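We have chain L already, so just place chain Y on it with the hints.
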Amino acid sequence: MRKYLLVLILFLLTTLAYAEDKVSFSGSLKNESSIRINNLNGDLTKEKNIVELAGQYKIKDDELVFFGKVKYWYDFAYGARRKLDIAQYYSEHIQRADWLRDLYLDYNRGPWFLRLGKQQVAWGQADGITILDRVNPVDLSEYWLPDMQDIRIPLWMANINYSPKLNSNLQFLFIPDFEQSTSAPIGGPFCTYSYIRYDNWKKAQSSVNENIYFPGKQFKNSTFGLQWSDRVGDLDYTLNFLNGYYYSARNTTIWLGGANYKVDRAFKRYRLYGGSFNKSFTNPGPMQGITLRGDFALYNDEPTYIGDPLIASAKKIDRWDNVFWLIGADRYVFTKWLVSLQYAQYILEHGKDKDPTLTQRQQYPMNAFTYGFADQLENIFSLKVSTTFMNDRLKPEILWSFTDDNQGRVSPKINYEIKDNLVLTVGVHYFYGNLFDSNGQYREENQFYANLKYTF
Amino acid sequence: MKKLVLFLTAIAFLWGYSWAAELEYFRVYKPKEGMTADEVMQVEYFVKYTKFAHDVRMEGKAYFIDKSGSVREKETARMRITLGRKSDDIAYKDIVMFTSPQVKGLATLSWTYLDPKRQQNVWLWVPSLKKIRKISAANADDSFMGADFTNEDILTRRFEDETYTFLRDEKFKGYTCGFDKKTYYQDAPCFVIEAKPKRSPWYYSKRVLWVDKKTGGGIYEEKYDQLGRKFMTLFKSFVIYNVNAKEYPAQVLLEGKDLRTGHSTVITNTDIKFDQGLSEDLFTERALMQSRW
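As given, the protein sequences belong to chains L and Y, one line each in that order. Be aware that the first sequence starts at 1, since it is given in the numbering used here, and climbs by one per residue. Be aware that the second sequence starts at 1001, since it is given in the numbering used here, and climbs by one per residue.
Next up, chain L with everything else stripped away, as it sits in the complex (with noise of 0.2 angstroms):
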């Protein structure tokens, strides 16, 4: 009710102002496709149909602006395959929480910036890995293959910037609602091997009674944010601060006799302190043409599961204070090409729990996503390389990013701008490496994909 409530009141508004040229709409038609290419079986995996709508509403010029913009996607994989059958109650849950993707006012005047309403906030530097990009929760039911601005769930936030001096910020967020970041369902393409191997055990017993434990809806349970930017010579930088709730619920399983459990599902406080900076490097010299970047985020009390990876038993959850930094480096090289590269460290703040309730076995950190071993560096690079051909009418791009685990994701995707407001983009994602690694675990799921996007 609420949602066409929403829809009735941005048409109503929309339509009002529409001869007084106050308002635009911007929007788009697009079809995305995936076939799974393991051992040269092609297997439909996407046929994803997307309408998107945004309007502007300009109140008062630029001073004051009301917007807003809607999704709606239907995948008709999951209706074609009967493998897939078991997902499809879980997908449309997850269309019905991210069909409003914004829906602000806009306050600017003198040195005050206002955006009150459902949005999302980007902190950070780092391209695809989201070491201070944690105001918002996320999205992986496609993985981390999506657009960022599709991955992030956007929240109903108050998002108020004040600017003491040119060229410096200072932004607070308060953001009293809360929506859990979710993943793949269980058949789903992209769906975690921790998942898997959760709904395997699960199966295996005689009751498994669950329980979730969302924040309530109370001012102390809102999340909280800071950042300051500002610049120092050439040197763009931020100070970051975020207290609230860790978006991904971890479970306790209680044994209650026989083969019956009881699986609370929680979601724990904890605190990011962080940074980033970027340079371009524009003086003559050996540097010049080089853009740095990097980010840098301390998690205190970030919830850990530890438990035993071999048999995707977590035992227990301790709240360390685990550190997540990286630097990137972007140059054009030769004509056009430009290469950009990132490296990041992932440290626990122990290699393993000391827990003398626990067995030697027991008392691994495990990484979220499998319920393998989490190692306590975890060394994280990426290269992507692009370019243009055709006056930008063709843009090739290759990603690889890997760690240091011998694992990792290879995505080569091709653009072609057919018309002025029809694009066509071809690619392929290639995952490599160990089941029990977060891009290893997909190795079974290569695929070969084609978008059709038409905006209007």
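Hints may contain errors.
What the hints assert, rightly or not - Mimicking EDC-like on lysine to aspartate or glutamate, the simulated pairs with C-alpha atoms at most 16 angstroms apart in a straight line are:
1) L/279 <-> Y/1285
2) L/336 <-> Y/1141
3) L/352 <-> L/392
4) L/419 <-> Y/1073
5) Y/1134 <-> L/234
6) L/165 <-> Y/1280
7) L/165 <-> Y/1281
Claimed, not checked - Just so you have them, the derived chain L footprint on chain Y, three or more residues with Cβ under 8 angstroms:
8) 1118-1128
9) 1156-1170
10) 1183-1196
11) 1235-1248
Claimed, not checked - Across the chosen pairs, the derived CB separations fall in these ranges:
12) Y/1231 <-> L/224: 54 to 62 angstroms
13) Y/1061 <-> L/63: 48 to 56 angstroms
14) Y/1070 <-> L/63: 38 to 46 angstroms
15) L/335 <-> Y/1070: 19 to 27 angstroms
16) L/109 <-> Y/1239: 32 to 40 angstroms
I should point out that these hints are in silico values taken from the structure, not numbers from a laboratory. The model shown is predicted, which means the values in this text are computed figures rather than measured ones. All C-beta atoms, glycine included, are put in the ideal place defined by N, C-alpha and C.
This is chain Y only, laid out in the frame that chain L set:
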């Protein structure tokens, strides 16, 4: 007498040098008869980068036309603030917002410095990421947004990048624009200047420019490769705007042709407004962050 001649020569040299080194911002300059090639080109660059105006905003349309005649279009809204500020070396700041549906929301902020050897600082608002990315300045010889002219043709080439030779005074034969089929500047008095890049090897060996005596705008140029073959032409049309009793030459049409591929690009600028009192706050990362699309 000899001393007087030497003194006058020295004064003339110093005056000429100061002309060539720097023109004062926010004034209107026009080329005059008897100017050297360097002096004419100083004016041409001054007009090209609208250094006469405190700020300018305009709407733009770019048409990409391939050999078969197929046309792609992109729309932009642009703003520039001219600062010429020595304290932080900033010459001017630009913001370009794409408004056509396919790239709606994409916006770039660039700061250009007084020091000619310094590259631009560029920030990009990427709608698909919903965040700002600092990006490296593209190479000077890369295509400008897929057009048939290079980044340096539009953004980065400075007076100091080339050496100039005065070729002749000439009435321009006229240019018939392939886009609107109109003939521009027929018989317009021009200075013809040859410009050779100091950088070698470079993607062109020389440019021959026709500079309009009325506005100081470089209305037409031909670019030649290392073998002396003409491979690119660039035409610009200027219109005089009267702003606070000053005559501002504004570039309203630009057509670039790549003679090797047969592809051409046309940019039209409309709704041009000078000296609106734009605030420098509009040329910051925070302003970019406020993008909604």
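Subject >> Numbers of unmet hints, in rising order >> reply: 3, 9, 10, 11, 13
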